[in-house]
Structures are given as structure tokens and as C-alpha cells.
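Asker: Below, each chain spelled out in residue letters.
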Amino acid sequence: MSSTRRILMCAPKHFRIEYEINPWMNRRVGSDPDESGRQWQALHDALIALGVTVELMDPVQGLPDLVFTANAGLVYRDLFVSSRFRYGERQGETPIFDRWFADHGFTVEHTPSDHHFEGAGDALFCGETLFAGYRFRSDARTMQWVGDRIGVEVLPLELVDPRYYHLDTCFCPIAPDAAIYFPGAFDEYGRSVLWDRIRSLIEVSAEEAFSFSCNAVVVGRSVVLNEGAPKLAKALERHGYRAIPLKLTEFIKAGGSAKCLTFRLDGEDAALWRSTADRSKAV
Amino acid sequence: MAHTEANPGDSGPIEEIEVRGHIVDSLLLPKILDRILQMGGTFEIRECSIGTRRIDPSRALIAVRAGTADRLDEIVGDLIEHGAWPIHPEDVRSESADVAGAFPEGFYSTTNQPTQVRIGGRWIDVSDQEMDCGITINEAESTARCLPMADVMLGMPIVVGHDGVRVLPMERPRESSPFAFMSSSVSSEKPKAVSLRGVAESIRAMRDAGKKVLLVGGPAIVHTGSAGHVARLIREGWIQTLFAGNALATHDIEQAFFNTSLGVDLEQGEAIEHGHENHLRAINTIRRIGGIRQAVERGRLTSGIMFECIRAGVDVVLAGSIRDDGPLPDVITDTLEAQRAMRAACKDVGFALLIASALHGIATGNLLPASVQVVCVDINPATVTKLADRGTFQTIGMVTDVEPFLRSLALELTGA
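Protein sequences, first through last, are from chains A and B. Counting from 1, one number per residue, gives the positions in the first sequence under the numbering used here. Counting from 1001, one number per residue, gives the positions in the second sequence under the numbering used here.
Treat the hints with caution; some may be incorrect.
[Claimed, not checked] Have a look at the derived ranges for each label pair, beta carbon to beta carbon:
| id | chain 1 | residue 1 | chain 2 | residue 2 | range |
| --- | --- | --- | --- | --- | --- |
| 1 | A | Arg-221 | B | Asp-1056 | 33 to 41 Å |
| 2 | B | Asp-1078 | A | Glu-18 | 31 to 39 Å |
| 3 | A | Ala-102 | B | Arg-1071 | 22 to 30 Å |
| 4 | A | Thr-276 | B | Asp-1034 | 31 to 39 Å |
| 5 | B | Asp-1163 | A | Glu-227 | 32 to 40 Å |
Because the hints were derived from the structure by calculation, they are not lab data. Every residue gets a Cβ at the ideal spot worked out from N, C-alpha and C, and that includes glycine.
Let's have the full structure, built from the sequences with the hints guiding it.
Answerer: Below is the structure:
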């Protein structure tokens, strides 16, 4: 495992509910800028306290969802596969992310022009396999394209509940052979694939899934997530993990939580390629 | 028809889709196959290669079939969501006609089955469906229609090749079909009364649906003494369109004038003296008056098939041939012009009754889309099989003498 974990974040200076592109967003409810600032800072500080190196990118006026850096794209070693957002409201983020990744030593690639792909929001490594959510934001076909490009096995999973529109809202790998997930977000085929392929699956209840507890940041044996999931916290403890609950309610109003606010630049802890990359670096 | 118990999976439009990736472990392949069945389609896996290592993608080529084009589009649209992709997404190709009256080389030759072409990514129905034609398209208006070779004008965009063209095979009649009463294409051994009731019911259903009934008749109708039955069917509104040659009209008028057909007295069944002149005299009379309509209007022609047609406003097309006597002034002697007139008169025809007329029957069969029900009645089985062999496969054939058939049909429909 890498000793330095690097995460990209973007401060919520311009974060607002300015449009509605998922069932959580409601412009009439809005968000409190001071409160969202405090909540974001608490997450940032908690990650620093876990030994994470947090890289910051500049907020951009008119791109309120730029705070959700998880949707920038997918990182695999030094390759950055840029997102191709489904909704026009977020498409303006792509050049900003592309520039940042190019400036930071990544090779930037794009999926074909008619292929929707929302990066680490929908594509998550667990072991050597890329688990990929599709239907609401990313296309099943694009996921195969991404798998071909980076040479890994991709298992597309259909998302069936629009509230869990990204895979990272209902599924979170915590180790190469373990993940937390909310079964209600998948159809029977998807659940069968997860049961078949992941040795240790921690099931999240509908109530706790609704508080975005699957949208968690895993740092070693720590899992940073929104508060309101005591049952999951206990289950994690039984598996040797420590839950760190934080209040992230302002971001849930936009359909995102801890995971969405972070982008793991060196690969998620559950991704096996990450440890092999470390080994090759060490030689 | 030969396929009364057709499997629902053996007809309907087909589209080939490809699914690739880790479709086995992700259960995408079984899921896609399940979706096809759940949505009422059927499938055939045409090719399948499974990756040997975990990172190797697999690939399956699946032919998806559904009962209708709309249902197929719905199924394929759903499968695209799951990563499948139609493998022939090309638009139709066309070339401008470089010669008037001829198609460009490599033109697409039509069948009489419903056909669609893909323009701007959308499947468009081809109108005026007819076999042995080309297809001209209007990209700006997203329309396409069948075009006979002779009607090609310089510069018309004509479809070439098979890409972007799909034929939607007609569903074969099932047991619920009005034609289920006969299960072989040529029937000489079936109970005639049952068959006849089926024809009568179809004609009734067609009239109720606001479609036209077309009669294509040969002179045997008059020789066999059936003109009265046909006249009654016309009089009572069961026939809206009549196609024939010079002979049917001439013999009918001869009968009206002289009560003979080719000089044979239709009541006595014997040739009368100088009777062979009668048909020429009949033609001559009509030519002197100027036409059949004029003869009716002047009170000269007062009975028979042609008389009833004029009175009932039936759309009549008389197409000539090389051995025509006269011919009657109403006969169209330019073959291409006659084809155009017949083509125009075929619109909205839902049922065609071809009676004892090999050439006009086949000509009409060529003009009709496969959706039009066709019944061919002839004493000679070869006429019926010839019609089916030329592509009018929807034909139901009855091998029988036409007089008892028409007498019974008139009785069945008019109740008289």
C-alpha cells in the first residue's frame, strides 16, 4: 500500500442548487453556503488527519457541482479517462478537470463523443475488476470501451433506482475483496454479480443508504461517511474498519456526500492495480 | 396458406445486434436475452465468442425478431441501454438516376412485402409497396416510395444496395385468419361451401373496413354464363374496381346485345347461325357510339357487367393486348399507360378476386402489396400456382368452375 494517499478536492465557494438533474436536487430548498463551507472543511480536515495529502483545485463560478470531484473521470496509473457528462449543466466541468490533470502529469483521454461516462462516480475498482454502474449517467457500452482501453475486466451493473443514480451512491469497495452496498439499487442480475464476485459484502439498509452512507471515503482501515448510519458503523467495526461520521447534509441536497467530494488521485485502496503500481515503482 | 400454425418466432422484422465486453460474468448476455423474451421478441445467437482470460472481452451477435417493426425498435432501443448495438446502423444509399426510364446499376429491387428504409437514422415506411420496382427517396421530407422502372425520371434519387433497407415479412395467417379455412395454397379437394363462405366473410369484412374489393375477370365469366352473378354483385355494391381486357367487356356487351358469347347462345348452349359475327358487331356498335359509357347513357346498353359498372361508378380499367378485336374504345392500348391506370386503381384495395384470368391476374398480383388478400379462382390449377410462383404468395387458390363459384358467392353476399 502507498504511504501517501492523494485526494483531489475543490472548495464549495460556488456550490449552490442551481438546477435539478437528480431526484435529490430541489432549487426551492437550496443550500446554505456557510454551512456547506463548514461541512466541506470538516471533511478536508478529517482526511488530512488520516494522513491524506489533499490537492485543491480552484472553484469556478457557474460550475456549482465542481465540488464533486469524484465525477471528474477515472484514474488508472497515470492515465486520466475524462468524464463525458450526460447533462449539459455539468459539461462545463470537463475542460477544467482536463487542464488540472494534464498540468499534474496525467495523460488525458476521452471516451468517444456519443458515450456518456461519469468517471469515479460510476466506475469503481474492487480488486482487479472495474465495477461499473450504468443507465442514469454512464452508458453500459462506454464502460466496455473504458475496460478495453485500460485492459481490465469491467462488470457493468444496471442501476434501477434513480435516487442512486451513480454507482458510488450505493456501492463502496473497502478492500480488494470487500465492499458495502445497498441491494435495492440493483436488479437481480447486478446483485448476483456482486454476490458472485466479492467475497465479503456488507449490506446497507434502505434507511441508512438513504443517508448516503455508501458514499464513503476509504483511507486504509478508516471509512469517512455521512452521519446517520450506526448499523453500518457497527458492521464495519466487525470487519476491522472504523467509521468516521461527519455531517454532510448540505451536499446530500445536491445528491452527493463524502465520496463525491473527493477524487482519489493514486487509486482507491480497494484497487489491486494500485499496489502493483507501487511495487513496480519500488523496483 | 401453407403456414397455418406458424411459430411466432418465424416471421416479423429482424435486427442484428452485437454485445461485447465481459458479458458473461456481468450477466449482461443472459440479461439481454431475458429482456428480448420479456418484451415479446425472439432471438437467435448467430455468433458467440467467449474470452479465454478474465480480461478478454466476449462477443455475441444476436438476431432479434419481433412481431412488428415498432416492437422491434422498442426492444432494440431497450437493449442499447444495456450496451448492445445494432450492427447495421447505416442509412440507405441512393444514386441519382442517370437515364430516364432505367434504374442506376445496383438498384434495390423491391418485393411486395412491407419495406422500410433508414433515412437520417430513422426507419421510414416505403409507400406504394409493389414488387419488382425500385425505391425513390426524398431525404428532405424523409419519405420513400416504390417506383416502377418506366416512371424513372432523370436525377431521381434511387436506392442502391441493401444497406439501410429492411423488409418486414408479413405474418403468415394463423388459425384466426379469415383464410384459415384453407390450409394449402391451391385447393381443389376442399369443401367448396366452406371455402366460399370464407371468401364471402372476407369481402364483407373488407367492405366494413372501408376497403375496396377488386375483381379481375376473364371472358370465361361470360362464356360460363356467370355475367348475371357478377352484374348482381356490382349492382349491390360488393365490387368497387374491375380490371379486365377487351374480351370480358366485349363478350359481356355481346351478351347484352345478342344473348350470345362468341356466337354461342347462352340459354341454348348452341352456336347460332352467323353468331361468330356478334362480338365484332357489338364492338363496332360501341365504337360507333364512342364508348361504353356513351352506350349506356344513350340507352343502347341496358344490361350486363359493363352496364352495371357504369351505373354503380365502378372504377374500370380495361387493358389491351395484341390479339384484341376492335378493340373497344375504352381499352387502354398503351401497356405502360394501362399499368399506371391499374396501379392508381389498386390504392385502397383490400381484397382482390381473380377470376379465370391468367394474364390480368398475374399482372394485378404484381401490383398489389402482400397485405392485400387475394383469392384466385380458376379451372386450371396452373394459373393459381403461377400467380404464387411469381411472388404473390398471399394468394389463396381455388380450382373450380367459375360459374358455380360466382353463383354461390352472389347468393351468399346478396341473399338473392
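Asker: Can the suggested window of 31 to 39 Å be confirmed for the beta-carbon pair Asp-1078 (chain B) and Glu-18 (chain A)?
Answerer: Holds, at about 33 Å.
Asker: Just tell me: holds or violated, for the beta carbon distance of Asp-1163 (chain B) and Glu-227 (chain A) against 32 to 40 Å?
Answerer: Check failed, 59 Å falls outside 32 to 40 Å.
Asker: Hint says 22 to 30 Å; check whether the CB-CB distance for Ala-102 (chain A) and Arg-1071 (chain B) agrees.
Answerer: violated (47 Å)
Asker: Does the Cβ pair Arg-221 (chain A), Asp-1056 (chain B) satisfy 33 to 41 Å?
Answerer: holds (34 Å)
Asker: Lying within 31 to 39 Å: is that true of the beta-carbon distance Thr-276 (chain A) to Asp-1034 (chain B)?
Answerer: Once the Cβ atoms are compared, 37 Å apart, the range 31 to 39 Å for Asp-1034 (chain B) and Thr-276 (chain A) holds.
Hints 3, 5 from the earlier list are contradicted by this structure; the remaining hints agree with it.
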